[in-house]
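A.B. asks: Chains as they are written, first to last, in my numbering: chain U, 1 to 288; chain A, 1 to 288.
To be clear, the hints were calculated from the coordinates, so they are not data collected in a lab.
We put the beta carbon where it would ideally sit given N, CA and C, even for glycine.
Mixed in with the good hints there might be a few duds.
What the hints assert, rightly or not - Calculated lysine-lysine pairs in the DSBU-like style (CA-CA distance at most 30 Å, straight line):
(1) U/197 - A/46
(2) U/189 - U/116
(3) U/197 - U/209
(4) A/46 - U/199
(5) U/148 - A/124
(6) A/210 - A/247
(7) A/49 - U/116
(8) A/210 - A/198
(9) U/209 - A/46
What the hints assert, rightly or not - So these bits of chain U aren't anywhere near chain A, every CB distance computed over 12 Å:
(10) 96
(11) 186
(12) 188
(13) 265
(14) 274
Here is how the chains run, residue by residue.
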Amino acid sequence: MSIQVVNLLPLPKFAIRSRAKTSAGFGRVVARADNDPPRSVGGDQQQLNLSVLRFTFGIPGLDESYLPRFIGYGFGSLLLLNHFSGSGPTSDAQLRSEALGLSLAAFSVALPYIGKFLKGAGMTEQRTLPEEGNQIFAISSNISDSLKEDLAWATYVLLRNTSTIAVMISVRGELCVRGYWNSPVQMSKAQLLDWFKRKVDEIGLSDVKDTLYFPQNNSGSASWEILSEGTRSLLVQPFVQSTVGSQKMDGFLLIASTAEYAYSDKDRAWIQAIANKFRGPHELLAVT
Amino acid sequence: MEAGIILRFRIPWNPNRRFSPPSPSLPVFIRASSTSQSGSSYRGPKPTKNLVADFVSRNDDGVRSLPIYVGGASLLAVLFNRAVSGIAPVADASSSQSRADLLALGLAVTNILTGLVWLSIRPKTITPVQPQGVECEVVNSDLPAPIVSEFIWAWDSLSTSTCCRSLVIIYDGICLLQIGMAAESPEDRRLVTVNTDKLMKGSVYKGVMKSGAQNYLANLSLYPGRSELPFLPSNTQAVILQPLGDKGIAVIGGNTVRGFTSSDQAWISSIGEKLDATLGRVNLPRYL
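If we strip away everything but chain A, and leave its shape as in the complex, we get (with noise of 0.2 Å):
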């Protein structure tokens, strides 16, 4: 039997916040402080707009294919020029329009090149999958509340800076936190919980375990142990096992296929450390 009541934890702060620049919640990159600071007695330096970045950020696709435009505009100019002032198109180096006429055409074609490399390297955006499921918080009710404002920490963390949309805590046996999305039973049409011990009897568990490493899986839908974490929303798209330590594990379901950059990555592991060094000073009573 576990235990675990639903609690409605929620540290007063935006909780609609999301990781999207440039809205108006999160600072800007490089943007001058904006003064609310009369009678602020702060003397440093303020940082100053760099409007080249700003502008390239925003028009990523437009710059990108700016420098074909750019040479094909001076191809046809060059040649333009040579037919209007009557001298005949013959590429020779024998006279100083010939060589001037050139060398621009040979800038012409190394910026319409550059730009053909820069679409070439244009990353293709995957659209993130709104998972399909309930919302819930379900936190074991014996925890500490020191624990409880940790695990909601790392909660608003994960949601706010990767593509998590679940998270499922599970330590010494006890599934201590299920939060965010999950799966809707078909039946009762209600949250579908963690049964521990189906999990901890697959193979998924046990292969974290053993390896005691973060285990990724980038693509859920290619992975055939996708059924012994029912608890996650059926269109979840990448999952990250987070072992703790040696006792417990952390399942982070996200909604974008490859979504958890290596960087999410190494923080995930690094909290992950924490949980465990957190967790393990906590007698948890045991219902098994």
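The following block holds chain U by itself, in its conformation from the complex (with noise of 0.2 Å):
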């Protein structure tokens, strides 16, 4: 049996985990490292550095964290299988060991998916493109040159530094929109931004007040018809500008990704440093 230290490093989120090939006979396990980029939740900022012992069977494309869920299931049919091929009246006492051990097993089942949410569990996904979709890149053209630099640099940003497929950011109106989208392909740069203002402004994105944050692909999601098949995660972030008395809303920011809970709370910080970026007042803001 081979023991291997494993480190957990941070790693930028697209990396795979790899996996010694083996020929894993049942019951042989093998250590092999894992390069599961380890993810931050709650109130903890630091990324968690783990290095620790763990014992896989060495069989590409099985996850060992959802053995729980596989045992809890075999074990589950061959309970019911117990109870139904034995011959006579099932006494008392076995009744009552099938019911505790049909609960266990559903609670084993379920135990991968709650696991999911502690911390240091490598909840990531690696980082696909989606299939359709074109990739656009269009900034307005009613603003400055020093505003379409941030803007431009800002998009570039999100989508090299998270698992961002897509990025839109609105400001005060004008648009810049950088990724992969579904939008119609053989339209210009300019009715691009218009097919993408009547959009926005379908869907009413600018006058969303909060943060919405959906972080997993729910069916309220196809109305969107924006984003390309594939997007998992969407989150939408206005710029406040609280002026004295009413809220007004400078703009937002979107981005799109297809991987599950893809935004982890740093992630999420980061995204509101950029938006902070475009708050405030924009002299640089061209007057046309």
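Assembling the complex is the task here: the two chains are given apart, and the hints tell you how they should meet.
C.D. replies: Laid out in structure tokens, this is it:
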């Protein structure tokens, strides 16, 4: 049995788990280096540097954290099989045992799901590109050059440092769109921007007051036809400019990713920081 | 001679915002958007609450040991059941009852082991160390206003999203910004300003400039070059040295050992590139 100290060092989010290819028979347990980037959750600012001894069967594609689920299903079905294949009436004691066994099986099945939300659970999925959707980069031309540069930089940085595939930033109605969107092809940049503006008005994104975060692909996101197929996480961050009295929205930032639970708390803090760059008075906004 | 005046620059937004969910100032992870939306025209979907995720995130320690208790209690329950029903506690697979009990025992053991695995990967929390020094905001007076607001934005982002508590920006041989906590000189109890000549002759600066890459000193107390950064508070725990192109450097001091995560490092290098691009366009008068 080979043991290896495993270093779960934080790596960029798109790292794949590397597994040793072995011909593992059942019962031969092998340790391997696991490049699971841990996710930081909760009030913990620090990402977690974990060095853990982990045993694995070495079977590619088998995620050992789902083992309780497999065992739960397996033993649960064996219990049912046992119950129905028994000859004669089942005694009370056996019924009690079986009830206990079935509830334990149900609990085991739920364990991987619960474990996903613990601190240090490596819940990252690899960032994949959507199959449909075209890659576009369009900035409204009615704005000053320095604001254009800021928008280009902000969208670039969001695409690079998080698992985002599509970014849209709207500043006082002027849009910057970058990434993979489900937009009609064969449109000029100006027409594209108009099309996006219309879609944004339809959804009413400019009036969003709080941050909206959809970590999984709920049926709600089907109404957002501008997003490409395969989008799982979505975050809408409004820029709040609180003047005395009312809260006026200066614009918003919309990012989407193909991974579920793509934006950890730390990511959201940085996204808020990027959003703050576009808040406030824009003397640089050229008025046409 | 270095020119610099102390300016009190505060962009009018919440200066005491700190990165700490679940504080009410930051939007909480998956919450139905609080509706001050009467009259809003946002027509999209609203995010739903995930009770399990919230519960697990809040009671992390309890949930980690939960499977152990469940497994242990079931183990005892199986034995108790056997004892009460008058069957001898013999683990053989001869009767239905025994088989059901064995399966339940197997599930209980799985739960116990899962609980042990969860406990073993519990992350160690490192407490932040309050930096000893004085709070300061020293901005070079020759800088144009957009640059200063960009610096303030960078400082606000860093101090809110990371464990950064001190920021010093040096460009073209001039200290342009010293903000956050700084060391206090023992003789006159005033701020220790940055001696750029001394810094630029030191090995720390030269090493960073030569490699052109970010240097992360995760545990500053172990690093002998500590003496070249006397302007940082004496108990600064971690430092990131970010080169700004080939003309400047940003020194970012944090209050936690290994407090900067890899995602923070990526964001800081992006910000470094942006600052370099912005500063490269400015003509700074030189006093040297």
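A.B. asks: Are the hints correct? Go through all of them and say.
C.D. replies: Comparing the hints with the structure gives:
Between residue 197 of chain U and residue 46 of chain A the alpha-carbon distance is near 21 Å, which keeps this suggested pair within the 30 Å criterion. Restraint check for residue 189 of chain U and residue 116 of chain U: not satisfied, since their Cα atoms lie roughly 42 Å apart, outside the 30 Å limit. Straight-line distance between C-alpha atoms of residue 197 of chain U and residue 209 of chain U comes to about 18 Å, which keeps the hinted pair within the 30 Å bound. For the given pair, residue 46 of chain A sits about 18 Å from residue 199 of chain U by alpha-carbon distance, which is consistent with the 30 Å threshold.
Note on residue 148 of chain U and residue 124 of chain A: the hinted pairing is violated, with a Cα-Cα distance of about 44 Å set against a maximum of 30 Å. Taken as a hint, the residue 210 of chain A and residue 247 of chain A pair is honoured in the structure, with Cα atoms around 11 Å apart against an allowance of 30 Å. Distance restraint check for residue 49 of chain A and residue 116 of chain U: the Cα-Cα separation of roughly 16 Å lies within the 30 Å cut-off, and the hinted pair is therefore satisfied. As the CA atoms of residue 210 of chain A and residue 198 of chain A are separated by approximately 17 Å, the hinted pair is consistent with the 30 Å bound.
Proposed proximity of residue 209 of chain U and residue 46 of chain A is supported: the alpha carbons are some 12 Å apart, at most 30 Å. For residue 96 of chain U, the shortest C-beta to C-beta distance to chain A comes to about 5 Å, within the 12 Å cut-off, and the non-interface label is violated. Even its closest Cβ contact with chain A, about 27 Å, leaves residue 186 of chain U beyond 12 Å, as expected for a residue assigned away from the interface. Every CB of chain A lies more than 12 Å from the CB of residue 188 of chain U, the least distance being 27 Å, so the non-interface label holds.
A beta-carbon of chain A is positioned within 12 Å of the beta-carbon of residue 265 of chain U; the least distance is around 5 Å. At roughly 8 Å, the least C-beta separation between residue 274 of chain U and chain A is not larger than 12 Å, which violates its mark as non-interface.
In terms of the numbered hints stated before, the structure departs from hints 2, 5, 10, 13 and 14, listed from lowest to highest.
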